[in-house]
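So the chains spell out like this:
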Amino acid sequence: MNKLVFFGGKGGVGKTTASSAYAYHCTEKGEKTLLVSTDPAHSLCDIFERKIGSRITKIKENLYAFEIDPEEESKKYINNIKKNMKDIVSPIIVKEIERQLDAAAVSPGSDESAVFDKLMEIIIDYQKDYDRIIIDTAPTGHTLRLLSLPELLGGWMDKLIEKRKKAMELYEMATREDKKMESIIEKDPVLSKLNERKAKMERAREILTDGNLVSFVFVLNPEKLPIEETKKAVNTLEKYNIHIKELIVNRILPISSEGKFWENRKKLEDKYMKEIDEVFSNKQLIKIPLIDEDVKMDNLRHISQYFEGLD
Amino acid sequence: MENRREIFDNLKEFLKSAFDFKENSMHHIKKEAYDEMDNFMLLCFGDLLGIPVPTAYYTLELLPYLAEDLEGWERRIMARKSVYGDRWGDFCC
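Sequences listed follow chains A and B, in order. For any residue, its number in the numbering used here is found by taking its place in the first sequence, counting from 1, and adding 65. For any residue, its number in the numbering used here is found by taking its place in the second sequence, counting from 1, and adding 2.
Since the hints were made in silico from the structure, they are not lab data. Please note that the accuracy of each hint is not assured.
Lysine-lysine pairs mimicking BS3-like chemistry, simulated, CA-CA at most 30 Å apart [said to hold, decoys possible]:
(1) Lys193/A / Lys125/A
(2) Lys304/A / Lys331/A
(3) Lys230/A / Lys14/B
(4) Lys224/A / Lys14/B
Short, incomplete list of chain A residues facing chain B, as computed with Cβ under 8 Å [unchecked claim]:
(5) Gln165
(6) Arg229
(7) Lys258
(8) Asn300
Where is the CB? At the ideal position from N, CA and C, for every residue including glycine.
Input sequences plus hints: build the corresponding full structure.
Listed below in structure tokens is the structure:
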């Protein structure tokens, strides 16, 4: 596996369990590991039974965790803009604009962008401090969306830059006579902000599609819906040139399932296991059984043993 | 005679363009420029009018630089009777 490992999958299949266990496995090998959760409904704190939040928290030797808080991140971003604005805009307008900024901070798209920005910041800033960065993502839809963001937003940024340039060029033409200074296009702060943002998007896209830096792992259960969703997700990711090599099949029933109900379940499961083996025959499958207690720090070691075959 | 007429016409055209009588060409360029500025604002802050813009979060950081224009833009665009009419260019020049 590569330095950056994303764990994805349908809701409730055990992404957090799998990513925590894999993180544990990495620390046992002596790698300094950072485990990041991008799911707004964080559950790392429940597994490790301690407060984590949006700062790097040491869990144990070589194991660190971080839960990205979208609200906090977008608030930071907005406050920064407000501070910046006070130096530029007259105080009368500031009040009006501040109201608009506050409204925008709670709009639905903001959380997603805030999480994306923070994740990229963490990856870029801490890449050299850690041997391994593991990302526990929100359910599949979110993850796919997250990955398509740079592509989508990059396109918009291009359009914005083009429009702004055209407007400025015309403006410059219309006012040429009284201005013999350097080109207004070159010192337009709007254009430079847009270009900065575009460069960041480009960098994010490069990182996420770098096959030598990033691995994606999907977690699924031997049941109908998770299998179907995983098939679709694998295909979608292929489109973004992201290839999945490993799958984690979680919550496999023990062989000795007593009672009519469990025997039937097991039979059903066998069918789905066979389907998984067939459909994903070109992937490495890591099979983790269902355990009879809550996942906590002390049984992570036990679960982490199933990752033995992974590098 | 024909020839002289042609020379005179050409000279008239030349002078018209060179000295821009009635600032006609400037007027057109200015109008076009303001229209483009308005369109740019629409792409950035369409959210304020209820038009979803995927980059809305990122264009917020442009607000400090565009804030002065924002109020006028909103007024203009709200007052538009059609998408084509009543643009900034139509107001000022």
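Each hint, compared with the structure:
1. Of the supplied pair hints, the one linking lysine 193/A and lysine 125/A holds, its CA atoms being roughly 20 Å apart against a limit of 30 Å.
2. Between lysine 304/A and lysine 331/A the CA atoms are separated by roughly 35 Å; this puts the pair beyond 30 Å, and the hint is violated.
3. Simply put, lysine 230/A and lysine 14/B have alpha-carbon atoms about 34 Å apart, too far for the 30 Å limit, and the pair is violated.
4. Proximity of lysine 224/A to lysine 14/B is assessed by CA-CA distance (about 41 Å); at most 30 Å being required, the pair is judged violated.
5. For glutamine 165/A, the suggested interface contact is upheld, since its CB lies about 7 Å from the closest CB of chain B, less than 8 Å.
6. Hint status for arginine 229/A: holds, given a least beta-carbon distance of 5 Å to chain B, under 8 Å.
7. Because the smallest distance between the Cβ of lysine 258/A and any Cβ of chain B comes to about 6 Å, under 8 Å, the interface hint for this residue holds.
8. For asparagine 300/A, the interface hint is violated, since its Cβ never comes within 8 Å of a Cβ in chain B; the closest pair sits about 23 Å apart.
Hints 2, 3, 4 and 8, counting from the list given before, are not met by this structure.
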